[in-house]
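Novice: Each chain, letter by letter, is given below.
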Amino acid sequence: MQTLSELDRRIVLATQQGLPLIARPYHAVAEKLGIEVSLLYERLDKMLHNGVIRRIGAVPNHYKLGFRANGMSVWDIDDEYLAQMGAQIGKLEFVSHAYHRPRLLPEWPYNLFAMVHGRTYEEVWRKVDLIADMLGEVKQSYDVLFSTRILKKTGLRLSAQTPSTEKNRAVA
Amino acid sequence: MDKLDREIINQMQGGFPLCDHPYSVIAQQLGTSEGELIDRLKRLKQDGQLSRFGPLYNIEKMGGTFLLCALCVPERDFDAVAEQVNQFHQVAHNYQRGHRLNMWFVLATETAEQMDSTVDCIEQQIGLTVHRFPKLDEYYVGFKLTV
Chain A
5 MQTLSELDRR
15 IVLATQQGLP
25 LIARPYHAVA
35 EKLGIEVSLL
45 YERLDKMLHN
55 GVIRRIGAVP
65 NHYKLGFRAN
75 GMSVWDIDDE
85 YLAQMGAQIG
95 KLEFVSHAYH
105 RPRLLPEWPY
115 NLFAMVHGRT
125 YEEVWRKVDL
135 IADMLGEVKQ
145 SYDVLFSTRI
155 LKKTGLRLSA
165 QTPSTEKNRA
175 VA
Chain B
26 MDKLDREIIN
36 QMQGGFPLCD
46 HPYSVIAQQL
56 GTSEGELIDR
66 LKRLKQDGQL
76 SRFGPLYNIE
86 KMGGTFLLCA
96 LCVPERDFDA
106 VAEQVNQFHQ
116 VAHNYQRGHR
126 LNMWFVLATE
136 TAEQMDSTVD
146 CIEQQIGLTV
156 HRFPKLDEYY
166 VGFKLTV
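Each protein sequence line maps, in turn, to chains A and B.
At position 32 of the first sequence the residue is numbered 36 (this note's numbering), and the sequence of numbers has no breaks.
At position 63 of the second sequence the residue is numbered 88 (this note's numbering), and the sequence of numbers has no breaks.
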């Protein structure tokens, strides 16, 4: 993990809600921060390359666009195949997240989590069936946990607090 | 939504350029004008089809720790427990899911020690075991949604 510079922190705070929808958005951000726009480009480019920024663009609201079924598919995969299969499943266009998480035996045998999105439950199940076919015999069992209600959704944001003597704060 | 709206959503989920007139660059690729593109993005945001337009930060790279947690909550207590859990500001999001483990939430804290104490605190308050699912490896995060 790296720590952000004070300037990068300020850039994150100024842009995490979005870029201004005006002809020269970066100039507006640079002006707000009191820096040259060339410096802003340099820092944003750096953060794109080191992965602090995943991408710059439109963040769609899945639910509003009709993708109302959200299934957390969970898989019990033989450990020796996990990394290879995780990478393959992550490449599928309908999988938004794929993670290795621990089994909690005996209740929870699953070690691979893959979030699958679709317009309907049936569509999600069809996609899960595709994953099941891909995995073949390296899977022991699987399940899909559909979300039935959003109880809270704050999103992850960097807080505006000054870092003081500590490192950076990341809070919900 | 018309064809141009869909193209905007499908083609602008990444790769927005770092230059003086970035909307103009993309507008040319889409065969429209800078002004039209900006107006459309404003409307898509206002109507909620887009949550946001700008950099998508990987907050885990900025410091802080995250933990996916799950609870097995008796049905009759569900809403009360949800309310108690959601009161913790460390809870970033929380979903009800159809499973014996029926409540799934993500905690965000600054340090690993704070994470442990937050989980302990939640367990004490609700009287249920918090099952912990830390991320051991990430294979993919991202989503190209096509409308």
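Note that these hints are calculated values from the structure, not bench results.
Heads up, some of the hints might be wrong.
[As the list claims (entries may be wrong)] Straight-line Cα separation of at most 20 Å, SDA-like style, residue types lysine to any residue; simulated pairs:
| # | chain 1 | residue 1 | chain 2 | residue 2 |
| --- | --- | --- | --- | --- |
| 1 | A | Lys36 | A | Asp80 |
| 2 | A | Lys157 | B | Glu61 |
| 3 | B | Lys86 | A | Asp12 |
| 4 | A | Lys156 | B | Leu55 |
[Said to hold, decoys possible] Chain A stretches covered by chain B per the calculated footprint, using a threshold of three residues with CB under 8 Å from any CB of chain B:
| # | stretch |
| --- | --- |
| 5 | 22-36 |
| 6 | 69-80 |
| 7 | 90-102 |
| 8 | 127-133 |
| 9 | 138-147 |
[To be verified] Stretches of chain B that chain A covers, calculated by requiring three or more beta carbons in the stretch to come under 8 Å of a beta carbon on chain A:
| # | stretch |
| --- | --- |
| 10 | 36-42 |
| 11 | 143-151 |
Just so it is clear, CB atoms sit at the ideal spot from N, CA and C, and this is done for glycine as well.
Novice: Hint by hint, note whether the structure agrees.
Specialist: Structure-based check of all given hints:
no., hint, result
1, A/Lys36 - A/Asp80, "50 Å, violated"
2, A/Lys157 - B/Glu61, "32 Å, violated"
3, B/Lys86 - A/Asp12, "12 Å, holds"
4, A/Lys156 - B/Leu55, "37 Å, violated"
5, 22-36, "holds (count 9)"
6, 69-80, "holds (count 4)"
7, 90-102, "holds (count 10)"
8, 127-133, "violated (count 0)"
9, 138-147, "violated (count 1)"
10, 36-42, "holds (count 5)"
11, 143-151, "violated (count 0)"
Going through the hint list in order, the structure does not satisfy hints 1, 2, 4, 8, 9, 11.
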